[in-house]
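K.L.:
Just need the whole structure built from these sequences, with the hints factored in.
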Amino acid sequence: MNQSPGNGSTRREFLLRAIKATAAVAAASFIGYRFRTNRPPARTSEDAGTFSLPDFSIPNRPARMCVVTGADRTKTINLALDALGGMGEFVKNGDHVLIKVNAAFATPPILGATTHPQLLEDVIRLCYAAGAAAVAVTDNPINDAASCFELTGLAAAARSAGARVAVPREASFRPCTVPGATYLVNWPVLAEPFRGVTKLIGLAPVKDHQRSGASMTLKNWYGLLGGRRNVFHQDIHGIITDLAMMVKPTLVVLDGTQTMMTNGPTGGSLSDLKATNTMIVSTDPVAADAFGATLLGRTPADLPYILRAAAAGAGTANYDLLNPIMLKAGET
Amino acid sequence: MTSIVSIRRITQAAFLLLFLWLCAVMSLGTNWWQLRGWPVNIFLQLDPLAALSTLLSTGTLYRELFWAAGTVVLTILLGRFFCGWVCPFGTLHQFVGWLHRFGKPLAEKTRLNGYRPAQAIKYYILFFFLCAAAGTLLARLTSLARDGRIIPWIVVTACLLTAAILAATKLFPRAGRATAWLLAVTGAWTALAVFFPVERLIAGSVQTGLLDPIPLAHRSVHLALLPVADRFGGVLSAAPRQYTGALLIGAVFIAALGLNLWIPRFYCRFICPLGALFGLFGRFAFWRVGKTQSGCSMCSRCEANCEGACEPDTEIRISECVLCMNCLRSCHENVMSYRAAKSAGGEITSPDITRRGFMVSVASGFLAVPLARLGARLGLNWNPRLIRPPGALPEADFLNRCIKCGQCMRICPTNIIQPAGVEHGVEALWTPTLNFRIGTSGCQLNCVACGQICPTAAIRPLSLDERLGLNEYAEAGPIRSGMAFIEQGRCLPWAMGTPCIVCQENCPVSPKAIYTREVFVPLRDTLPVVAKADELTVDFGAAVLAPGAFANGDYFCAISGGSDPRPRRITENSASSLSIDSTDPWEREPAAGSQADVLIRLQRPYIDPRYCIGCGICEHECPVSGLKAIRVSAENESREPQHRILA
Numbered sequence: 279m280n281q282s283p284g285n286g287s288t289r290r291e292f293l294l295r296a297i298k299a300t301a302a303v304a305a306a307s308f309i310g311y312r313f314r315t316n317r318p319p320a321r322t323s324e325d326a327g328t329f330s331l332p333d334f335s336i337p338n339r340p341a342r343m344c345v346v347t348g349a350d351r352t353k354t355i356n357l358a359l360d361a362l363g364g365m366g367e368f369v370k371n372g373d374h375v376l377i378k379v380n381a382a383f384a385t386p387p388i389l390g391a392t393t394h395p396q397l398l399e400d401v402i403r404l405c406y407a408a409g410a411a412a413v414a415v416t417d418n419p420i421n422d423a424a425s426c427f428e429l430t431g432l433a434a435a436a437r438s439a440g441a442r443v444a445v446p447r448e449a450s451f452r453p454c455t456v457p458g459a460t461y462l463v464n465w466p467v468l469a470e471p472f473r474g475v476t477k478l479i480g481l482a483p484v485k486d487h488q489r490s491g492a493s494m495t496l497k498n499w500y501g502l503l504g505g506r507r508n509v510f511h512q513d514i515h516g517i518i519t520d521l522a523m524m525v526k527p528t529l530v531v532l533d534g535t536q537t538m539m540t541n542g543p544t545g546g547s548l549s550d551l552k553a554t555n556t557m558i559v560s561t562d563p564v565a566a567d568a569f570g571a572t573l574l575g576r577t578p579a580d581l582p583y584i585l586r587a588a589a590a591g592a593g594t595a596n597y598d599l600l601n602p603i604m605l606k607a608g609e610t
Numbered sequence: 022m023t024s025i026v027s028i029r030r031i032t033q034a035a036f037l038l039l040f041l042w043l044c045a046v047m048s049l050g051t052n053w054w055q056l057r058g059w060p061v062n063i064f065l066q067l068d069p070l071a072a073l074s075t076l077l078s079t080g081t082l083y084r085e086l087f088w089a090a091g092t093v094v095l096t097i098l099l100g101r102f103f104c105g106w107v108c109p110f111g112t113l114h115q116f117v118g119w120l121h122r123f124g125k126p127l128a129e130k131t132r133l134n135g136y137r138p139a140q141a142i143k144y145y146i147l148f149f150f151l152c153a154a155a156g157t158l159l160a161r162l163t164s165l166a167r168d169g170r171i172i173p174w175i176v177v178t179a180c181l182l183t184a185a186i187l188a189a190t191k192l193f194p195r196a197g198r199a200t201a202w203l204l205a206v207t208g209a210w211t212a213l214a215v216f217f218p219v220e221r222l223i224a225g226s227v228q229t230g231l232l233d234p235i236p237l238a239h240r241s242v243h244l245a246l247l248p249v250a251d252r253f254g255g256v257l258s259a260a261p262r263q264y265t266g267a268l269l270i271g272a273v274f275i276a277a278l279g280l281n282l283w284i285p286r287f288y289c290r291f292i293c294p295l296g297a298l299f300g301l302f303g304r305f306a307f308w309r310v311g312k313t314q315s316g317c318s319m320c321s322r323c324e325a326n327c328e329g330a331c332e333p334d335t336e337i338r339i340s341e342c343v344l345c346m347n348c349l350r351s352c353h354e355n356v357m358s359y360r361a362a363k364s365a366g367g368e369i370t371s372p373d374i375t376r377r378g379f380m381v382s383v384a385s386g387f388l389a390v391p392l393a394r395l396g397a398r399l400g401l402n403w404n405p406r407l408i409r410p411p412g413a414l415p416e417a418d419f420l421n422r423c424i425k426c427g428q429c430m431r432i433c434p435t436n437i438i439q440p441a442g443v444e445h446g447v448e449a450l451w452t453p454t455l456n457f458r459i460g461t462s463g464c465q466l467n468c469v470a471c472g473q474i475c476p477t478a479a480i481r482p483l484s485l486d487e488r489l490g491l492n493e494y495a496e497a498g499p500i501r502s503g504m505a506f507i508e509q510g511r512c513l514p515w516a517m518g519t520p521c522i523v524c525q526e527n528c529p530v531s532p533k534a535i536y537t538r539e540v541f542v543p544l545r546d547t548l549p550v551v552a553k554a555d556e557l558t559v560d561f562g563a564a565v566l567a568p569g570a571f572a573n574g575d576y577f578c579a580i581s582g583g584s585d586p587r588p589r590r591i592t593e594n595s596a597s598s599l600s601i602d603s604t605d606p607w608e609r610e611p612a613a614g615s616q617a618d619v620l621i622r623l624q625r626p627y628i629d630p631r632y633c634i635g636c637g638i639c640e641h642e643c644p645v646s647g648l649k650a651i652r653v654s655a656e657n658e659s660r661e662p663q664h665r666i667l668a
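Protein chains in written order, with this note's numbering: chain A, 279 to 610; chain B, 22 to 668.
I should point out that these hints are in silico values taken from the structure, not numbers from a laboratory.
Nothing false has been slipped in among the hints.
Below, in silico cross-link-like pairs of lysine to any residue (SDA-like), each with a Cα-Cα straight-line distance of 25 Å or less: (1) A:K353 x A:T554; (2) A:K526 x A:P457; (3) B:K191 x B:T370; (4) A:K552 x B:S531; (5) A:K526 x A:T460; (6) A:K552 x B:Y536; (7) A:K552 x B:T537; (8) A:K552 x B:N467; (9) A:K552 x B:D486; (10) A:K552 x B:L491; (11) A:K526 x A:N371; (12) A:K298 x A:I309; (13) A:K552 x B:Y632; (14) B:K125 x B:R350.
Please read these numbers as outputs of a predicted model, since none were measured by experiment.
P.N.:
So, in structure tokens, the structure goes:
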């Protein structure tokens with residue numbers, strides 16, 4: 279139609295082109311007007327920490343502790359809990375229990391760098407026997423998480439006792455702010471495994487640790503942190519105090535059956551371990567750690583985080599105040 | 022009746038799915054579908070190019086690589102069945118090309134699927150790669166002659182020469198001249214070799230993996246496609262997989278597929294060195310596609326759908342035919358068949374290569390590696406950033422085996438085995454290197470997965486005992502991939518007066534390769550003199566301290582100049598005074614007017630080269646997260662004794 283040489287266009291074509299051009303001009307002007315801003319981008323803003331851990335301790339009950347000596351973990355843990363009135367004192371019918379193990383390193387259980395799988399299995403079975411509806415096991419390890427749970431035997435122990443292993447993923451963490459804490463402000467914390475949980479049990483071995491002096495139940499909460507948590511080693515006692523304020527467990531079990539005396543917290547050799555044959559069960563993690571320090575030949579005064587956690591109200595460093603029940607597991 | 026084309030399509034789909042399945046199951050875990058004896062290397066082991074190139078470079082066929090001989094035997098019987106029926110990469114090309122030409126007119130299809138002389142390029146690529154790999158063999162042969170072991174030398178040389186002459190007579194029209202040339206070059210080389218160590222002029226390196234479709238497909242799926250796909254599901258790995266340089270690897274894959282929109286099976290026809298190898302064998306094919314009678318209506322329907330672009334309607338090019346069998350189905354006159362007889366329409370059995378092109382590709386193949394080695398990457402200028410996985414062979418042997426398939430990078434549970442980029446040297450492109458900034462941890466102590474999966478033993482299969490230096494390997498000690506070095510200018514306790522030692526905590530060996538020395542360092546800001554003091558407190562009489570600032574257990578107080586300079590731990594401080602640990606009081610109360618210093622207790626890390634195995638867990642965990650304050654480099658690696666640090 280528009281092929282005739284020398285002839286520009288028909289009126290109809292002109293109008294059409296004019297309408298299209300006007301629409302394009304209007305669209306460009308609108309976009310330019312609508313999206314213009316004089317404000318430069320703000321400083322990076324972090325989401326406020328919305329997640330917080332509930333208090334899992336049993337209310338209105340004085341702190342209690344039991345120490346059992348013996349080499350057989352199944353015997354010592356059962357005896358200790360019996361002495362405290364049985365697992366039913368802590369785990370009730372229908373409870374959803376989360377067990378925080380130490381699965382930090384992808385090493386075999388015999389090296390004692392991680393929670394012993396037999397102890398985990400025993401505690402899971404005790405929880406179910408006390409009526410727990412579900413038991414889950416979690417940790418955010420240092421080495422590759424999947425490898426850690428498998429190589430430490432903890433995944434197998436959890437499976438055989440019927441507990442779910444909550445391996446952390448990117449989406450498992452949520453920013454958390456602990457009131458009064460120095461460092462735990464908007465810091466990513468392992469949140470997903472806590473969904474629906476009503477009771478929290480900490481299961482930690484006693485280990486040498488150069489920076490903090492010892493790694494026991496309080497240091498074990500480090501494994502709930504995400505992000506680049508290694509920066510907190512600059513004030514290790516400060517961060518462990520923050521953790522003591524953040525986590526109020528139902529119960530902690532400190533396994534001093536084999537204590538890692540040297541080369542901690544990784545160990546790596548049987549010669550780093552010593553048979554100290556002690557199982558500590560307590561509702562007060564500070565008291566448990568204060569007692570555990572003696573297995574390493576250290577005193578609470580050598581471990582500033584114990585005194586600071588006590589001062590922050592997370593427990594007592596003087597475990598004698600708890601009148602701990604001291605028992606011996608008979609060898610049969 | 023099910024047509025042969027339908028059977029071929031079902032077979033292709035099955036092999037593609039099998040390939041993808043074997044890629045998907047390559048993860049360590051306890052689910053039934055995860056790695057537990059799945060034959061994940063089977064496609065690589067059926068690949069004669071991987072087998073032939075490592076045979077040329079090492080003189081051996083490692084483990085199941087000998088299955089490739091089965092592929093060769095079948096190719097000699099059947100033709101290029103692998104390309105048309107098995108190859109997962111070929112199937113993808115065929116599918117994309119089919120989509121593209123779907124519904125196009127017959128003339129356009131015929132144009133797309135016509136033969137092009139450039140299809141000879143893939144043969145030159147093959148010759149180039151094989152000669153690059155054969156450098157090692159040639160060097161070994163040459164040195165045999167000089168070592169006086171004349172008899173084995175004569176036997177091997179005679180065999181190779183006969184094979185070469187036979188090949189030349191089949192490939193080139195004027196065979197006499199080619200034979201003369203070969204004899205002349207061999208004679209001159211031998212004469213030189215008797216008097217001079219000419220083997221030093223040559224070197225070999227397996228680079229077939231760059232373009233060999235099976236390693237290419239493995240690499241692309243493992244390092245580019247699956248990691249992207251798994252970002253949504255998180256099914257195949259707990260943490261999202263990350264690979265440096267995945268963009269290039271993925272781009273090569275996508276580009277290869279995209280070229281089908283220009284010419285169908287572009288990669289197979291013009292580039293694929295494996296296809297070229299099959300093409301050379303295909304001339305022997307016992308059964309072959311061809312015409313049962315010389316005359317037909319020349320409707321060109323057979324050409325319109327020809328995957329190999331092998332001109333079935335005229336003189337069929339046997340070396341290009343991929344046995345897609347489309348011509349059998351397209352032919353309305355039932356002229357096309359697959360049978361144990363020559364095509365009645367005539368056939369061209371040899372690839373369309375020129376003598377000039379052949380000489381250029383052979384010469385450049387033999388020259389490329391020695392040229393690349395002029396950079397002394399295997400000598401004084403070795404690259405300390407190229408950290409190979411534990412069990413990797415010495416670099417020259419490693420390059421003689423690695424086919425860049427990426428299996429080790431996929432299986433690594435911590436995701437630290439990464440494809441090397443060109444910055445690690447051209448020959449090292451896409452070979453495995455350890456990167457401790459990426460992934461979920463360092464190289465885990467109780468893991469030997471990479472060497473167990475490696476199809477060519479470029480990474481030797483280690484037992485845990487050998488890796489860790491236990492039992493029978495106690496004397497040899499653990500395998501070291503490198504060694505950690507601390508940069509004191511970046512390390513917090515060294516440079517910034519700040520406690521840390523995360524590296525020491527995470528060092529997994531016993532005794533730890535990272536140890537610490539305790540020092541007490543005065544703070545930058547000095548304090549006023551003591552106003553008054555008792556055995557547990559020091560009071561400055563004025564508000565000079567931030568309350569509680571020194572109470573975290575890392576700060577100590579010392580009185581300088583006195584008889585009791587030993588630092589005491591500060592347990593509490595107010596604005597004007599500080600208290601020390603009540604179990605360790607001053608021997609004598611500090612006098613008023615004496616100088617009190619606040620010191621920070623630091624544990625400074627050191628490396629003990631006797632114990633460090635270069636696992637890189639320290640580097641991975643170092644809180645100086647940009648350029649790490651502790652970094653592993655390949656110094657002291659077990660595989661290269663000349664890289665050792667200790668005498």
